[in-house]
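There are 2 protein chains.
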Amino acid sequence: MKDQFYQYIQDLQDTITHKLEEVDGEAKFKQDFWKRPEGGGGRTRVIENGNVFEKGGVNISAVHGALPKTMQQYFGVDDADFFACGLSLVLHPKNPMVPTVHANWRYFEMYNKEGTIVDQWFGGGQDLTPYYLFEEDGKHFHQICKTACDKHHTDFYSNYKKKCDEYFWNAHRNEERGLGGLFFDYCKKTDEMSMQDWYNFVTEVGDSFLSAYVPIVEKRKNSTYTKEQRDWQEIRRGRYVEFNLVHDKGTLFGLKTNGRIESILMSLPPHVQWVYDHHPEVGSEEEKLLKVLANPIDWVS
Amino acid sequence: MKDQFYQYIQDLQDTITHKLEEVDGEAKFKQDFWKRPEGGGGRTRVIENGNVFEKGGVNISAVHGALPKTMQQYFGVDDADFFACGLSLVLHPKNPMVPTVHANWRYFEMYNKEGTIVDQWFGGGQDLTPYYLFEEDGKHFHQICKTACDKHHTDFYSNYKKKCDEYFWNAHRNEERGLGGLFFDYCKKTDEMSMQDWYNFVTEVGDSFLSAYVPIVEKRKNSTYTKEQRDWQEIRRGRYVEFNLVHDKGTLFGLKTNGRIESILMSLPPHVQWVYDHHPEVGSEEEKLLKVLANPIDWVS
Numbered sequence: 001m002k003d004q005f006y007q008y009i010q011d012l013q014d015t016i017t018h019k020l021e022e023v024d025g026e027a028k029f030k031q032d033f034w035k036r037p038e039g040g041g042g043r044t045r046v047i048e049n050g051n052v053f054e055k056g057g058v059n060i061s062a063v064h065g066a067l068p069k070t071m072q073q074y075f076g077v078d079d080a081d082f083f084a085c086g087l088s089l090v091l092h093p094k095n096p097m098v099p100t101v102h103a104n105w106r107y108f109e110m111y112n113k114e115g116t117i118v119d120q121w122f123g124g125g126q127d128l129t130p131y132y133l134f135e136e137d138g139k140h141f142h143q144i145c146k147t148a149c150d151k152h153h154t155d156f157y158s159n160y161k162k163k164c165d166e167y168f169w170n171a172h173r174n175e176e177r178g179l180g181g182l183f184f185d186y187c188k189k190t191d192e193m194s195m196q197d198w199y200n201f202v203t204e205v206g207d208s209f210l211s212a213y214v215p216i217v218e219k220r221k222n223s224t225y226t227k228e229q230r231d232w233q234e235i236r237r238g239r240y241v242e243f244n245l246v247h248d249k250g251t252l253f254g255l256k257t258n259g260r261i262e263s264i265l266m267s268l269p270p271h272v273q274w275v276y277d278h279h280p281e282v283g284s285e286e287e288k289l290l291k292v293l294a295n296p297i298d299w300v301s
Numbered sequence: 001m002k003d004q005f006y007q008y009i010q011d012l013q014d015t016i017t018h019k020l021e022e023v024d025g026e027a028k029f030k031q032d033f034w035k036r037p038e039g040g041g042g043r044t045r046v047i048e049n050g051n052v053f054e055k056g057g058v059n060i061s062a063v064h065g066a067l068p069k070t071m072q073q074y075f076g077v078d079d080a081d082f083f084a085c086g087l088s089l090v091l092h093p094k095n096p097m098v099p100t101v102h103a104n105w106r107y108f109e110m111y112n113k114e115g116t117i118v119d120q121w122f123g124g125g126q127d128l129t130p131y132y133l134f135e136e137d138g139k140h141f142h143q144i145c146k147t148a149c150d151k152h153h154t155d156f157y158s159n160y161k162k163k164c165d166e167y168f169w170n171a172h173r174n175e176e177r178g179l180g181g182l183f184f185d186y187c188k189k190t191d192e193m194s195m196q197d198w199y200n201f202v203t204e205v206g207d208s209f210l211s212a213y214v215p216i217v218e219k220r221k222n223s224t225y226t227k228e229q230r231d232w233q234e235i236r237r238g239r240y241v242e243f244n245l246v247h248d249k250g251t252l253f254g255l256k257t258n259g260r261i262e263s264i265l266m267s268l269p270p271h272v273q274w275v276y277d278h279h280p281e282v283g284s285e286e287e288k289l290l291k292v293l294a295n296p297i298d299w300v301s
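Each protein sequence line maps, in turn, to chains A and Y.
According to my numbering, the first sequence is numbered sequentially starting from 1.
According to my numbering, the second sequence is numbered sequentially starting from 1.
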């Protein structure tokens, strides 16, 4: 399973970066290989100062070895070996009418001292963070998520949409990071779902990413915008930074387990503003977005 | 003691904001009062888009009531009542040749159910975060810190300089947030120091703040700078954000105990950049700063 999934994310990284370069039309991804001293490493691909993408990363990694102490505590286990691989992406477009997107698909194995697998699971998801609310974009993104889920289980979309809203709740701001999407974790073998079934589900979601996001980018990337709208985007990006550095388990985990900092923090936006006590005008487009972030809605039924 | 110190920080807030407005010559502090539902509140003063100060806050607060659960765990105590007051300030100048500064002076009392004080202590400090290294500025700032300390105890400067370097270590970046200064906490009654002695020490440091910082601002505020130097400042401000959101106990504490978000996060800089895997040129002024941040030095002997 680990070879099968690692091959999948390598291919998916190629597919996604090729397509995004085509959409951007100008910038190319820069590739960095890195090694983890304790075992494994990654292939980081970052795009900057593009025509469409101001900054973004589409990174894969596969790491293994003794489970670090902090992760033992986190999982509530004793000494164990582990293998983990995944693809993580974040894209920050230049144009404030184009939403930021995040996605991640990952697989984890834990072994006893004899090297036998004692636990294994998939996790992942994808979510959209716009700066201006176009309801049709939210509907499109969620509809693609739902279609991918529905092929595997009738409960998956509603369950994982809900988990996504819970996970990306920026608690100290009392608002969602964005419009949500899917979030799932600890997807383990059950009577209903074999690990191969989970593989089929997770890769179905991975395969859906470009069709969930690219049509929105194509529709919005040539929109005109004002300096005020760009300022609003940079202020909202501040909330993205706050979520990632204060609440995001993946980011904190990476920072506290000696991950490759530049690959982890590629998720942070290129230009960001913090303005004291900023509130958009009543009835404005900016306020319309905040209302949806304060009370997540159902995008598809 | 609590009335005496709260009166002190009210007066100090006035003194500092008046002086900074004079130095800025353009912008004025905007004042907000806020109330804590569980008891107490604060007076926040924020300056934005000034001639010298791009953003900054000089805030006081005095809060009291039942010690929140998270603070009980933090202090390792059971149910108790508390009183805490303090002044916190952060200033982000526009010109990259002028350093950012942070300072904080605070007092804490804990009570048993009969309302008797069972514990009380002072804490605080002040530290400098430049974007370009002017050694004479570092020496000046630390000399003022040392002079204030030496009036009270010959060990204070070296002890609190060291604690400052330890506290502001941005662990995931393997570097200091800045050039340090002073950091002290849990300053409690001992055979040598009464609470009044500690009050005299902490207020000595508070009184020294303007003479530690303002001469540096005056010397640098009219320096010319390039767009590249401004970019460097914004990238370094990113590290400031990372420290405050990932490591700073005060910030995380505020966020997790339902403090007033806008007063806590006034510390975040106005314009910030994150550039993937940025490294200054070998031998550049930017690299010179990084070397000192990687290995804090003694500024005064």
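Hints are computed from structural coordinates only; laboratory data are not their basis.
A couple of the hints might just be wrong.
When chains are identical, the list treats them as one kind, so a pair holds in a single copy or across two.
[Said to hold, decoys possible] Here are the computed lysine-lysine pairs in the DSS-like style, where the Cα-Cα straight-line distance is at most 30 Å:
#1 Lys-219 x Lys-28
#2 Lys-227 x Lys-28
#3 Lys-146 x Lys-256
#4 Lys-30 x Lys-69
#5 Lys-256 x Lys-162
#6 Lys-288 x Lys-113
#7 Lys-256 x Lys-291
#8 Lys-221 x Lys-256
#9 Lys-249 x Lys-69
#10 Lys-288 x Lys-151
#11 Lys-227 x Lys-249
#12 Lys-151 x Lys-35
#13 Lys-35 x Lys-288
30 Å Cα threshold - placement of Lys-249 relative to Lys-227:
neither (34 Å within a copy, 36 Å between copies)
Alpha-carbon proximity between Lys-249 and Lys-69, which holds within one copy, between copies, both or neither at 30 Å:
both (16 Å within a copy, 23 Å between copies)
For the identical chains here, do Lys-227 and Lys-28 meet the 30 Å Cα criterion within one copy, between copies, both, or neither?
Both: 26 Å inside a copy, 25 Å across copies.
At 30 Å max between alpha carbons, let me know whether Lys-256 reaches Lys-291 within a copy, between copies, both or neither.
Result: close only across copies, 23 Å inter versus 34 Å intra.
Indicate which option fits the pair Lys-151, Lys-35 if close means a Cα-Cα distance not exceeding 30 Å: within, between, both or neither.
neither (37 Å within a copy, 52 Å between copies)
Homo-oligomer pair classification [Lys-151, Lys-288; C-alpha up to 30 Å]
neither (33 Å within a copy, 57 Å between copies)
How would you classify Lys-256 and Lys-162 at a CA-CA limit of 30 Å: within, between, both, or neither?
both (28 Å within a copy, 23 Å between copies)
Between Lys-221 and Lys-256, at a C-alpha cutoff of 30 Å, which is it: within one copy, between copies, both, or neither?
So Lys-221 and Lys-256 fail the 30 Å test inside a copy (37 Å) and across (38 Å) alike.
Is the C-alpha distance from Lys-219 to Lys-28 at most 30 Å within one copy, between copies, in both cases, or in neither?
within (21 Å within a copy, 44 Å between copies)
For the identical chains here, do Lys-288 and Lys-113 meet the 30 Å Cα criterion within one copy, between copies, both, or neither?
Neither: 55 Å inside a chain and 48 Å across chains, both beyond 30 Å.
Status of Lys-256 relative to Lys-146 across identical chains (alpha carbons, at most 30 Å):
For Lys-146 and Lys-256, the Cα distance exceeds 30 Å both inside one copy (34 Å) and across copies (34 Å).
Using 30 Å as the alpha-carbon threshold, which applies to Lys-30 and Lys-69: within, between, both, or neither?
neither (33 Å within a copy, 47 Å between copies)
The structure does not agree with the numbered hints 3, 4, 6, 8, 10, 11, 12 stated previously, though it agrees with the rest.
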